[in-house]
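Please put together the full structure from these sequences, using the hints given.
Which chain is which? The protein sequence lines are Z and G, in order. Take the first sequence: its letter number 113 is residue 112 in numbering that gives the first Met the number 0, and every next letter is one higher. Take the second sequence: its letter number 40 is residue 39 in numbering that gives the first Met the number 0, and every next letter is one higher.
Derived from the structure by calculation, the hints contain no laboratory data. Here the structure is a predicted model, which means the values were calculated and not measured. All C-beta atoms, glycine included, are put in the ideal place defined by N, C-alpha and C. Be careful, since some hints might not be right.
[Unchecked claim] Going by beta-carbon spacing under 7 Å, a handful of chain G positions derived as facing chain Z:
1) H75
2) E84
3) E94
4) R98
5) A110
6) I127
[Unchecked claim] If you want the footprint, here are the derived chain Z segments under chain G, 3+ residues with CB under 8 Å:
7) 286–296
8) 384–398
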Amino acid sequence: MTASPEAAIARRSLKQLWVGALVWSVAFGGTVAASALSYVSTFPTEADRQQVAAATSGDAGLSVLLGPTTAIDTVGGYTVYKCFVFLTTIGAIWGLLAATRLLRGEEDAGRWQLVLSGSTRAPRATAATLVALLGAVGILFVGTTAITLAAGRDPDVGFGAAETVLYGLSIAIAPAVFVMVGAVASQLCRTRRMANSWAMAAFGVCFLVRMVADAGPDTRWLRWATPFGWTELIQPFTENDPWPLLPAAATVGLLAVAAVVLSSRRDAGSSVFATSDVTPLRPFGLGSPVGLAARLDLPVLVAWCLGAAVTGLSFGLIAKIATGSVPQSLGDTLDKFGAEGSFVDQYFGVAFLLAATVVALLAAGQLGAASDEESSGRLVHLLAGPVRRVTWFGGRLGLAAAGIVVAGLLAGIGAWAGAATQGVDLGFSTLVGAGLNVVPTALLVLGIGAVVLALAPRAAAITVYAVVIGSLLVDLLASMVDGLAWTAHISVFHYMALAPASSPDLGTLVLTTLAGVGLCVVATLLFVRRDVALG
Amino acid sequence: MAHAIEIEQLTKRYGSVAAIDGLDLTIEEGEVFGYLGPNGAGKSTTIAILLGLIRASSGSARIFGRDVWREAPALHRRMASVPSEANLWPSLTGEEALRFLGNVHGSVDEAYRAELIDRFQLVTDKKIRAYSHGNRQKVLLVAAFASRPDLLILDEPTTGLDPLMEQVFQAAVREAAANGQTVLLSSHILSEVEAVCDRVAMLREGRLIETGHLDVLRGLVALRVHAGFDRPPPDLTAVEGVSRVTVEDHSIECEVTGSVEPLLRALADAGAVRLTTREPSLEELFVSHYGAGSEA
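Here it is in structure tokens:
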């Protein structure tokens with residue numbers, strides 16, 4: 000029996016994907032289940048549900064930020080609303096990163112060329128990889144649906160089987176479409192980094208168009224323009240409209256065909272868009288290893304800092320609408336995160352928890368770049384020269400720490416500027432302080448990642464993702480499910496005061512910072528003692 | 000003459016496997032030293048220890064009298080190296096990579112660098128990602144030679160270079176030697192080692208099996224002798240030191256180890272009219288050390 004080369008390619012690709020897909024499907028299913036179960040316990044009576052629905056439905060601010068607010072008086076409607084932004088965002092980003100990794104990433108590493116030197120051709124190998132990527136989306140769909148079905152068996156929740164499957168499909172739209180966006184970007188762009196930027200830009204545009212579509216009745220038709228809109232239009236558990244699946248399936252099909260056709264029209268290792276390989280000398284950053292790291296990572300650092308600023312700004316802009324008229328029950332829900340004080344304070348407290356996630360994840364990219372420099376063999380050129388190991392390692396960590404401080408600062412300034420334009424004045428120092436309040440926690444995450452970088456470099460970035468996303472999920476679950484409250488202690492965010500809702504304790508801030516810096520020092524000591532990977 | 004490199008009982012273990020095992024080696028200042036061995040023999044491991052990139056399990060390695068691990072950064076000011084894998088920063092141009100490597104090293108002979116760029120025919124305004132493997136290797140070679148270090152450590156530095164560039168490389172090594180610089184050249188290309196090295200060491204499975212001047216090493220391997228006769232050739236199989244005898248109509252070919260006197264006497268007695276001898280090439284030397292083991 001001889002297996003076709005395409006089957007082997009698909010199998011190998013799926014092997015690289017299935018663990019991640021399974022982990023995310025559990026996270027997705029867990030989030031959905033937690034939302035549904037917390038709703039029935041927080042708003043047990045019809046009157047409670049009517050009250051929260053009256054306050055939130057038709058609220059443009061919440062709708063722009065979080066999506067569909069039309070059926071919050073039902074457990075299904077609330078669950079869809081509560082999980083919408085989280086699941087579509089993570090699903091889309093996971094999908095596009097997976098596609099660029101398996102297509103352009105493999106090509107960057109030269110492995111794709113090896114595959115093509117076998118008895119297959121570029122379009123067939125691309126198609127096989129796309130099949131594996133859709134298989135991974137399938138795993139995500141099955142896992143999410145299965146856990147939702149299990150939660151739906153609770154009589155208070157009471158989700159039907161067919162509508163749960165439809166909900167699962169609506170969640171699978173974003174990853175399926177953005178897998179294909181990543182696949183097309185991988186054909187168009189010369190490097191994985193560039194393909195990621197283009198695919199992320201497409202994601203950003205879709206995200207903004209969806210926000211505009213939810214801003215009011217005049218722009219509602221724009222919901223038909225993006226994958227996020229299609230997910231929203233299905234309205235699972237309430238309207239159960241399957242028609243938006245049609246444009247989603249058509250888009251997936253069209254983009255897949257485009258990726259396969261484009262792959263046949265270019266040379267391996269090149270791209271459809273030619274970029275010039277001849278450029279004049281740019282002396283910036285050539286003076287030292289840290290200078291070069293800053294030069295090479297500057298676009299990523301700037302993008303991350305801008306992301307933090309935009310996150311702060313958008314929370315600030317809608318602060319007034321979001322906090323204008325809310326029922327006490329919603330305030331009680333936020334209370335469970337540890338946010339106290341007035342509702343505006345609570346709102347910003349939780350907003351800065353999300354900003355902290357963005358700021359802390361900055362460390363992942365920087366540690367990933369450092370690990371890449373070592374595993375590619377480029378670090379050898381520095382350490383075989385007169386560069387001290389402490390200088391290189393410390394410089395890399397210093398660069399990441401500087402990025403974290405700037406991103407925290409910008410998140411605070413952004414939130415203040417956004418809120419000030421709406422007449423919500425919490426004071427510049429309060430919100431900038433709240434922005435800087437996330438820095439020690441992000442430094443702690445950097446320290447944890449640095450120790451992993453010193454011991455097992457390839458695991459550093461993934462550890463940071465696991466710590467940050469894991470902590471956020473633990474925080475979410477611990478605040479929603481009473482029995483899981485104890486788990487909050489393992490979340491790094493547990494030790495961060497939700498400023499401005501609760502005032503940061505100076506002692507905790509200093510201790511957290513010291514822990515982060517201490518871990519960085521330990522990591523440096525470990526690194527100077529170990530063997531360097533030789534590439 | 001002072002020692003450039005002193006290695007004593009150097010061992011590097013990965014778990015139960017010894018990549019190098021009790022290595023002793025001394026390289027003098029100003030020498031061009033060839034470091035030979037098949038894949039996996041431990042050449043790159045030795046070099047990584049000398050560069051302070053990995054730590055020896057036991058034994059010691061010193062360069063210019065200083066410990067290679069503890070005093071690495073200070074030592075590296077007097078050294079330059081070229082690894083076999085030419086991975087550079089893909090988004091930099093060749094010129095930018097050379098500037099960066101020069102700034103990191105701290106000392107560059109700008110005029111010599113410009114001359115080397117010209118001799119290696121390196122196009123420097125192209126991005127590294129558009130370079131072939133050979134061109135990336137040239138960037139590292141130019142950076143290493145242009146820093147005019149006291150010690151050059153070259154680990155298979157010419158993989159990917161065409162024969163013309165190989166000649167340019169050999170000329171640069173000879174210039175370095177003429178300037179009194181020490182060169183450690185690990186290589187698979189035996190003609191290259193033969194052309195530039197004074198002494199060589201041969202490594203197998205982490206152990207040194209031979210060290211010495213090329214001439215001396217050649218003496219350890221049989222000399223090939225071809226003799227012509229105007230009558231049927233004699234039977235030489237019983238002559239001391241002679242082996243692998245092949246006889247044709249009026250000629251005989253054989254190998255001789257040790258003293259050639261018994262063979263010369265036998266050939267003279269038999270009335271030989273022509274005699275040619277050929278020294279073994281390094282390749283034959285190499286095969287006699289490594290090939291025999293694999294044939295056995």
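Hints versus structure:
1. H75: This hint holds: G:H75 lies near chain Z, its Cβ roughly 4 Å from the closest one there, short of 7 Å.
2. E84: Status holds, d = 5 Å.
3. E94: holds, 5 Å
4. R98: The hint holds - G:R98 has a Cβ within 7 Å of chain Z, the shortest such distance being about 5 Å.
5. A110: Given a least distance of 18 Å, the restraint on G:A110 is violated.
6. I127: violated, 9 Å
7. 286–296: Coverage by chain G holds for the region 286–296 of chain Z (5 residues, Cβ < 8 Å).
8. 384–398: As far as the region 384–398 of chain Z goes, the hint holds, because 4 residues have Cβ atoms under 8 Å from chain G.
Figure legend: structure checked against the earlier numbered hints; hints not met, in rising order: 5 and 6.
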